[in-house]
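Taken in sequence, the protein lines are chains A and B. Numbering (our numbering) for the first sequence: 614 to 1210. Numbering (our numbering) for the second sequence: 53 to 185.
Some clues are possibly wrong.
Claimed, not checked - Subject to a maximum C-alpha distance of 27 Å in a straight line, what follows is the list of computed DSSO-like cross-link-like pairs (lysine-lysine): (1) B/K175 x A/K717; (2) A/K717 x B/K139; (3) A/K684 x B/K175; (4) A/K727 x B/K139; (5) B/K74 x A/K717; (6) B/K149 x B/K175; (7) B/K162 x A/K717; (8) A/K1087 x A/K1209; (9) B/K144 x A/K727; (10) A/K717 x B/K151; (11) B/K151 x A/K715; (12) B/K74 x A/K754; (13) A/K1002 x A/K1209; (14) B/K162 x A/K715; (15) A/K721 x B/K175; (16) A/K1002 x B/K175; (17) B/K106 x A/K717; (18) A/K1180 x A/K1164; (19) B/K65 x A/K734; (20) A/K1143 x A/K1201; (21) A/K754 x A/K948; (22) A/K652 x B/K151; (23) B/K151 x A/K721; (24) A/K948 x B/K74; (25) A/K758 x B/K64; (26) A/K703 x B/K175; (27) A/K635 x A/K1210; (28) B/K149 x A/K715; (29) A/K754 x B/K54; (30) A/K734 x B/K64; (31) B/K144 x A/K717; (32) A/K1210 x A/K1150; (33) A/K948 x A/K758; (34) A/K1109 x A/K1079; (35) A/K721 x B/K162; (36) B/K64 x A/K948.
Note that these hints are calculated values from the structure, not bench results.
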Amino acid sequence: MEFYRSQVLVCGGTGCTSSGSKDILACLKTEVEKRGLEKEVELIRTGCFGLCELGPIVIVYPEGAFYSHVKPEDIPELVEEHLLKGRILKRLIYHDAIEDDKIKSLNKVGFYAKQERIALKNCGVIDPENIDEYLAFDGYKALEKALTTMTPQDVIDEMKKSGLRGRGGGGFPTGLKWEFAAKQKNDQKYIICNADEGDPGAFMDRSVLEGDPHVVLEAMAIGGYAIGANMGYIYVRAEYPIAVQRLEVAIKQAREYGLLGENILETGFNFDVEIRLGAGAFVCGEETALMQSIEGKRGMPTPKPPFPAVSGLWEKPTVINNVETYANIPQIIAKGSEWFSSIGTEKSKGTKVFALGGKITNTGLVEIPMGTTLREVIYEMGGGIPKGKKFKAVQTGGPSGGCITTENLDISIEYDTLVSIGSMMGSGGMIVMDEDNCMVDVARFFLDFTRDESCGKCTPCRVGTKRLLEMLEKITEGKGTLEDLDKLEHLALEIKSSALCGLGQTAPNPVLSTLKYFRDEYIAHVVDKKCPAGVCKALLQYTIMDDPCKKCGICAKTCPVGAITGKVKEKFVIDQDKCVKCGACMEKCPFKAIVKK
Amino acid sequence: MKSIQELEAIRKKTIDNVNQRKDRTTTRIVVGMATCGIAAGARPVLLSIIDEVKKLGLPDVSVVQTGCIGVCRLEPIVEVIRPGEEKVTYIKMTAEKAKRIVDEHVVQGKIVDEYVMHVVDGKVVNDYTVQKD
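Between the sequences and the hints, there should be enough to build the whole structure, so can you do that?
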C-alpha cells in the first residue's frame, strides 16, 4: 500500500476545467516528478467543489490549504514552497479561508447554526437505545407534569393555545382534533401514530424514530391522557427496520420503568403502545386506509365524515397524528404553549423539518422556524446547487405537491402561503431540481408512482391516474399534440374534485403545477418534438460531429444494434431509426465527437 | 417500576454523560448510527473506536451511538466532547481515521485538523468525489 505524505486535490469540475485546471494538473505532474516526489505526493482530480467563482481550485492536505485562482505559472513555486519546503504559499490562499476555514464544531457552521431544532432536539445527541439519556434531557417530565398537575382539558387547552398544526401535511390544528375525540363518550378510544412516511424523498419521520423514539411514546401517552384513550398503535412502514427495532427497544425500556403500562407514575393512568407494520402501500399513509390496515383489512380509504375522532379504529373515537407532530408535544407541555407560539408566524406556529434531496449540496435534514424563505433553505442551509448548475424548481409535498420556481423563492414557508401558489407543505420532503431536469418527465415520474399506489376503489383515481400517465408518456415519447395538453389539464381538474381520498385528490397536482409554470417545456415536447433539458430519450438524437471526428470507427464497433455505418478514414453516420439511444458510442469516442441533443 | 423521585435521580446522574457543554467531567465519543450513517459505513467506525478505547484501557470515556445528526452526506460522523473543550465534529470517517482520533485527540488532546469540516464560503470542501480519467 502506498503511503503518501501529502494529497493535492485539483478541482476537475466544468467551471475550473474551462479556466485551465487540466493544464494545472499536467504542470503539477511534471513538477512533482522533476523533484522526485511522486512516491510522497498524491495528485487527485476531484469533482466540482461548488465554488466555481474561485477556480481553478487546488487544495493541499494534510494542512487543508485552500488555493484559489491558481494559474499553471504558479505551480513550480507552489511545489517548491509548499510540497518541498512545507511553507504555505500565502499569496494564493483564498483570503477568507486563512483563519476560519477549519470549523471544528458542527454547531458553528452557518448551515447548522441557523436551524431551530425542536422536533430534532435529541437527534444526533443522545443514544436512542438508552432511556436514561432521554430522561437526562428532561425526558418524560412533560408526562409527569400532565398526569400530576393538569386535567385532560388543561392539556387540550395548552395544545390549542400553542397553535400546533399537523405536520403530516394536512396542517389541521392538533388541539382541535384532540378536543373532538375527547368530547366523544365511549368506553374505548385509541390514539395512533402515523409512521408510514410514504412520500418519496421524505425521511424526517424515520430520523425521529431512529434518533429519539421515546419522544413519540411520551407524546402518545400525553395524548391518550387528554382524550381518554388507554391504547396506542404506532403504524410503521416495514421498510424502516432500524426504526422498528429502536421503537421496540424503547417500548421495552419504557415498560420496565413503568412509564408505559398500568398505573403510570402512580397516578392510576393506564396506557400502552403496540407496533403495527405496514406492507409497502403508499395509500396506507392515508388515515382511513391506515386504520383499515390495522384492522387486518386491505388498505382502502373510507369516506369522511365520519371523521376518525368520532368513529375510527374499530369504529371507536381515534386520534391519528404524524411522528413529527408528536415530536413537538412534550416540549409544548413542559415549556408552555406561549413559548411554542412565539416561534413561527401568525397562522403557522413552531418549526418544520425538511428533508433536502435531489440536486442540492447539503442533503440531509434541516429544521427551521416557519416564516423562513425557500431561498434561505435552499441556498444558505442547503448549500445551493452542486456542480455550478442553475436552480430550476423545488418540489414540496412529494407526489401530492407542486413545484415552486425562482419567482416564488422568497415566499415565507407557511401552510397557507404554499397552498396559495399551487403547492403544499406536505410532510416536508423537498426535492430540488436543476437545469438538467425535464419537468414533463418529473410529472410523469410522480404520476407513475401515484398510479401504481392507487388502491383502485374509486373510478376517478383508478382510471384517471392511468389516463394521465398514458398522456404524459405519449408526450415524452414525442407523440403528443397540443390538444393533449388541454385534455391533460381538464382531466386533472376533474380527478381533483371527484376522487375519494387524498391520494387521488392530490395526484394531479404535479401535472397542474408543471403545466402552469413550465408550459413552454410541454410545448417544446409536443410541437418541436424536443426535450430542452435533454432527458426524454425518445426526443434525443445522437449525432457524429464531422470536425472532431477522426473517422476511426470505434463507435461503429461499439454500437450494440449496428446503427453506425461508414468506412475508416471516411465518414461515419448514425442511422436514427436503428439507434436505441443507449449512449455507448458517445462514451467510447476518444475524440468527444458525438453529441446528444 | 420507577417512582418520580427515582426518575429524577436517574436524570441527575446521566446528565453529565450527555451534556455537550464544557462543564462535563468525562469524555464522550458519539458515532452517527441512523440509516444514513450505517449506509455510509459507520458500523466499522464504531467498532474501531470501541476496540481502541478498550485496548488502551481509557477510563472515563464513553462511546455511544446516536441518530441522524442532520448532514447526511458527511456521514460517517464522529463527535468528540472532552471536559473543558468544545464539541469537535469529524466527518467522512473510516475505521483507520477513527483509531487516529482516539490516539491523538482523546488521549493527547490534539485535535486532528485534517478530519474536521473545512468550510469555504459555506461549502464543505473536504467532502469531494474523485474523478478518474
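A quick look at each hint next to the structure:
1. Under the criterion of a C-alpha separation no larger than 27 Å, the hint pairing B/K175 with A/K717 is consistent with the structure, at around 14 Å.
2. For the given pair, A/K717 sits about 8 Å from B/K139 by alpha-carbon distance, which is consistent with the 27 Å threshold.
3. Between A/K684 and B/K175, the direct Cα distance comes to roughly 22 Å. Compliance with the 27 Å bound is thereby established for this hinted pair.
4. For the proposed pair A/K727 and B/K139, the alpha carbon gap of about 18 Å is at most 27 Å, so the pair holds.
5. With a C-alpha separation of about 14 Å, the suggested pair B/K74 and A/K717 falls inside the 27 Å cut-off, and the hint holds.
6. Taking the CA atoms of B/K149 and B/K175, the gap is about 22 Å. The hint holds against a cut of 27 Å.
7. Between B/K162 and A/K717 the alpha-carbon distance is near 12 Å, which keeps this suggested pair within the 27 Å criterion.
8. For a cut-off of 27 Å, the pair hint linking A/K1087 to A/K1209 stands: about 21 Å separates their Cα positions.
9. For the hint pairing B/K144 with A/K727, the CA-to-CA distance comes to about 23 Å; that is within 27 Å, so the pair holds.
10. Only pairs whose Cα atoms come within 27 Å are accepted, and A/K717 paired with B/K151 is accepted, the gap being roughly 18 Å.
11. A threshold of 27 Å between alpha carbons decides the hint, and for B/K151 with A/K715 the separation of about 21 Å falls inside it, so the pair holds.
12. Among the hinted pairs, B/K74 with A/K754 is consistent with the structure: their alpha-carbon atoms are about 25 Å apart, no more than 27 Å.
13. The hinted pair formed by A/K1002 and A/K1209 meets the criterion: a straight-line CA distance of about 18 Å does not exceed 27 Å.
14. The hinted pair formed by B/K162 and A/K715 meets the criterion: a straight-line CA distance of about 14 Å does not exceed 27 Å.
15. Restraint check for A/K721 and B/K175: the C-alpha separation of about 13 Å stays at or below 27 Å, so the hint holds.
16. For the proposed pair A/K1002 and B/K175, the alpha carbon gap of about 15 Å is at most 27 Å, so the pair holds.
17. Of the pairs offered as hints, the one joining B/K106 and A/K717 holds, with about 26 Å between alpha carbons and a cut-off of 27 Å not exceeded.
18. Pair hint A/K1180 plus A/K1164 holds up; C-alpha atoms about 8 Å apart against a cutoff of 27 Å.
19. Restraint check: the Cα-Cα separation between B/K65 and A/K734 comes to about 20 Å, which is no more than 27 Å; the hinted pair holds.
20. Among the hinted pairs, A/K1143 with A/K1201 is consistent with the structure: their alpha-carbon atoms are about 25 Å apart, no more than 27 Å.
21. Distance restraint check for A/K754 and A/K948: the Cα-Cα separation of roughly 10 Å lies within the 27 Å cut-off, and the hinted pair is therefore satisfied.
22. Restraint check for A/K652 and B/K151: the C-alpha separation of about 25 Å stays at or below 27 Å, so the hint holds.
23. Pair hint B/K151 plus A/K721 holds up; C-alpha atoms about 25 Å apart against a cutoff of 27 Å.
24. For the proposed pair A/K948 and B/K74, the alpha carbon gap of about 25 Å is at most 27 Å, so the pair holds.
25. Note on A/K758 and B/K64: the hinted pairing holds, with a Cα-Cα distance of about 18 Å set against a maximum of 27 Å.
26. For the hint pairing A/K703 with B/K175, the CA-to-CA distance comes to about 21 Å; that is within 27 Å, so the pair holds.
27. The hinted pair formed by A/K635 and A/K1210 meets the criterion: a straight-line CA distance of about 26 Å does not exceed 27 Å.
28. At most 27 Å may separate the alpha-carbon atoms for a hinted pair to count; B/K149 and A/K715 meet this at roughly 17 Å.
29. For the hint pairing A/K754 with B/K54, the CA-to-CA distance comes to about 13 Å; that is within 27 Å, so the pair holds.
30. A threshold of 27 Å between alpha carbons decides the hint, and for A/K734 with B/K64 the separation of about 19 Å falls inside it, so the pair holds.
31. Restraint check: the Cα-Cα separation between B/K144 and A/K717 comes to about 14 Å, which is no more than 27 Å; the hinted pair holds.
32. For the hint pairing A/K1210 with A/K1150, the CA-to-CA distance comes to about 10 Å; that is within 27 Å, so the pair holds.
33. Under the criterion of a C-alpha separation no larger than 27 Å, the hint pairing A/K948 with A/K758 is consistent with the structure, at around 11 Å.
34. At most 27 Å may separate the alpha-carbon atoms for a hinted pair to count; A/K1109 and A/K1079 meet this at roughly 14 Å.
35. Between A/K721 and B/K162 the CA atoms are separated by roughly 19 Å; this keeps the pair inside 27 Å, and the hint holds.
36. In summary, the hint linking B/K64 to A/K948 is supported, as the alpha carbons are separated by about 19 Å, within the 27 Å threshold.
Checked against the numbered hints given earlier, the structure satisfies every one of them.
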